[in-house]
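S.K.: Each chain, written out:
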Amino acid sequence: MAEHVVSRKTYIVVWGALMALMILTAGLSRIDLGEWSTVVALAIAAIKALLVILFFMHVRYESQKMAWVFVVAGFFWLGILLALTMTDYLSRGSLGVAGH
Amino acid sequence: MHDRAIAATHGLRHHFADLDQQRESATLGMWVFLVTEIMFFGGLFAAYLVYRTAHYDAWVTGSEHMDFWFGTINTVILLCSSLLVALAVHAVQVGRNKTCALYLWIASAMGVAFLVLKGFEYHAHIVEGAVPGALWKLTVPDPQAVQMFFYIYFVMTGLHALHVTIGIILLAVIGWYAAKGAYSPANHNSVHVSGLYWHFVDVVWIFLYPLLYLIAHKKA
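Residue numbers (the numbering used here), protein chains in the order written: chain A, 1 to 100; chain B, 1 to 220.
Bound conformation, chain A alone (with noise of 0.2 angstroms):
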């Protein structure tokens, strides 16, 4: 298969999109979104790492699907260690154990 040429016109756009987030982001930082500030910048860092991943590494283009297997593989392989790196820090101390 041959390869996709991605516009010029697509790539302004997902560079302006990314620059509007970025501004968004910096903004809402200087405002006290109290526990929510994390969770919002997160979402945004998390779009905009997408919007990368989709159009300037081209994944949203790629004709071989192993190659997406291998992209969400790696990411699915984080959000596991983030995940129960975290269920075991949060839960200890919620289960009484003998001796402590």
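Source of the hints: derived by calculation from the structure; they are not laboratory data.
A quick note: this is a predicted structure, and the numbers were derived from the prediction, not measured.
Be aware that one or more of the hints could be misleading.
To be verified - To give a feel for the contact side, a few chain A residues facing chain B, derived at Cβ under 7 angstroms:
{"hint": "1", "residue": "Tyr11"}
{"hint": "2", "residue": "Leu21"}
{"hint": "3", "residue": "Met22"}
{"hint": "4", "residue": "Gly27"}
{"hint": "5", "residue": "Ser29"}
{"hint": "6", "residue": "Thr38"}
{"hint": "7", "residue": "Lys48"}
{"hint": "8", "residue": "Met66"}
{"hint": "9", "residue": "Val69"}
{"hint": "10", "residue": "Phe70"}
{"hint": "11", "residue": "Gly74"}
Unchecked claim - Computed footprint of chain A on chain B; a stretch qualifies when at least three of its residues, placed anywhere within it, have a C-beta under 8 angstroms from a C-beta of chain A:
{"hint": "12", "stretch": "35–44"}
{"hint": "13", "stretch": "49–60"}
{"hint": "14", "stretch": "65–79"}
{"hint": "15", "stretch": "134–140"}
{"hint": "16", "stretch": "162–168"}
{"hint": "17", "stretch": "202–208"}
Note that CB positions come from ideal geometry on N, CA and C, so glycine has one too.
Starting from the structure of chain A, add chain B where the hints point.
M.R.: Positioned in the frame of chain A, the structure of chain B alone reads:
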């Protein structure tokens, strides 16, 4: 079809059936490397998360000693350099090697600008005494935990800066080959794969920026 087949074999390594297979293999190989990079940085993000959960107040104190503008300007620099690298890939796809080289070199120079700013920022930390260990001078509550924040900060941004350094060299060298006309619309894996690397370095920074500079940033 036959002419096209002959033209399409220029730059083809003997162990690949055709240039499409060669390109797909290169892309897949690069992604395998990038997955190992996700694991590499992932461990540090996990360390950040665990210590932040355990020492939230110290993390707020540490974040307050971060310079918002250093972080923000460096984010702008990396996002713009990523656009240039994406446009460089487009340029080589349509056969404009000189334009491709120019974009890669500007992106590389932006990487240098990023490192220069990072250097000024590190210098400010050293002057302030926000360096864990013997150089520590900050008088803050719970200094041990705040030092841990700066320890993780220096390791994460230092490792990221190392990746930026490698990227700067990579883009400059690939740009040089592009200027010599080494690539064609059918065969430019080096440009594409180096681009993937640079965008990955950008993605890491996209997460470092809010985690280090924005979260827990007090109202201005």
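S.K.: Evaluate each hint against the coordinates.
M.R.: Do the hints match the structure? See the list:
1. Interface hint status for Tyr11(A): upheld, as the beta-carbon distance to the closest one in chain B is roughly 5 angstroms, under 7 angstroms.
2. Given the 7 angstroms rule on beta carbons, the hint for Leu21(A) is violated: about 9 angstroms separates it from the nearest Cβ of chain B.
3. The beta carbon of Met22(A) is positioned within 7 angstroms of a beta carbon in chain B (closest approach about 6 angstroms), and the interface hint is therefore held.
4. The interface hint given for Gly27(A) is violated, since its Cβ lies 10 angstroms from the closest Cβ of chain B, which is over the 7 angstroms cut-off.
5. Contact between Ser29(A) and chain B, as hinted, is supported at the beta carbon level, the nearest pair being about 4 angstroms apart and thus within 7 angstroms.
6. Hint on Thr38(A) holds. Least Cβ distance to chain B is approximately 5 angstroms, under the 7 angstroms limit.
7. About 5 angstroms separates the beta-carbon of Lys48(A) from the nearest beta-carbon of chain B, less than 7 angstroms, and the hint is met.
8. Taken as an interface hint, Met66(A) checks out: its beta carbon lies about 6 angstroms from the nearest beta carbon of chain B, inside 7 angstroms.
9. The beta carbon of Val69(A) comes no nearer than 9 angstroms to any beta carbon in chain B, farther than 7 angstroms, and the hint placing it at the interface is violated.
10. About 5 angstroms separates the beta-carbon of Phe70(A) from the nearest beta-carbon of chain B, less than 7 angstroms, and the hint is met.
11. Taking 7 angstroms as the C-beta cut-off, the interface hint given for Gly74(A) holds, the closest approach to chain B being about 4 angstroms.
12. Counting residues of the stretch 35–44 of chain B whose beta-carbon sits less than 8 angstroms from any beta-carbon of chain A gives 5, enough to reach three: the coverage restraint holds.
13. Counting residues of the stretch 49–60 of chain B whose C-beta sits closer than 8 angstroms to any C-beta of chain A gives 4, which meets the bar of three, so the coverage hint holds.
14. Chain A is given as covering the stretch 65–79 of chain B, and this holds because 5 residues of the stretch bring a CB closer than 8 angstroms to a CB of that chain, at least three being needed.
15. Evaluation of the coverage hint for the stretch 134–140 of chain B: breached, as 0 residues show C-beta separations to chain A shorter than 8 angstroms, against a requirement of three.
16. Check result for the stretch 162–168 of chain B against chain A: violated, 0 residues qualifying (beta carbon to beta carbon below 8 angstroms, three or more required).
17. A stretch counts as covered by a chain when three or more of its residues have a beta carbon under 8 angstroms from one of that chain; for the stretch 202–208 of chain B and chain A the count is 4, and the coverage holds.
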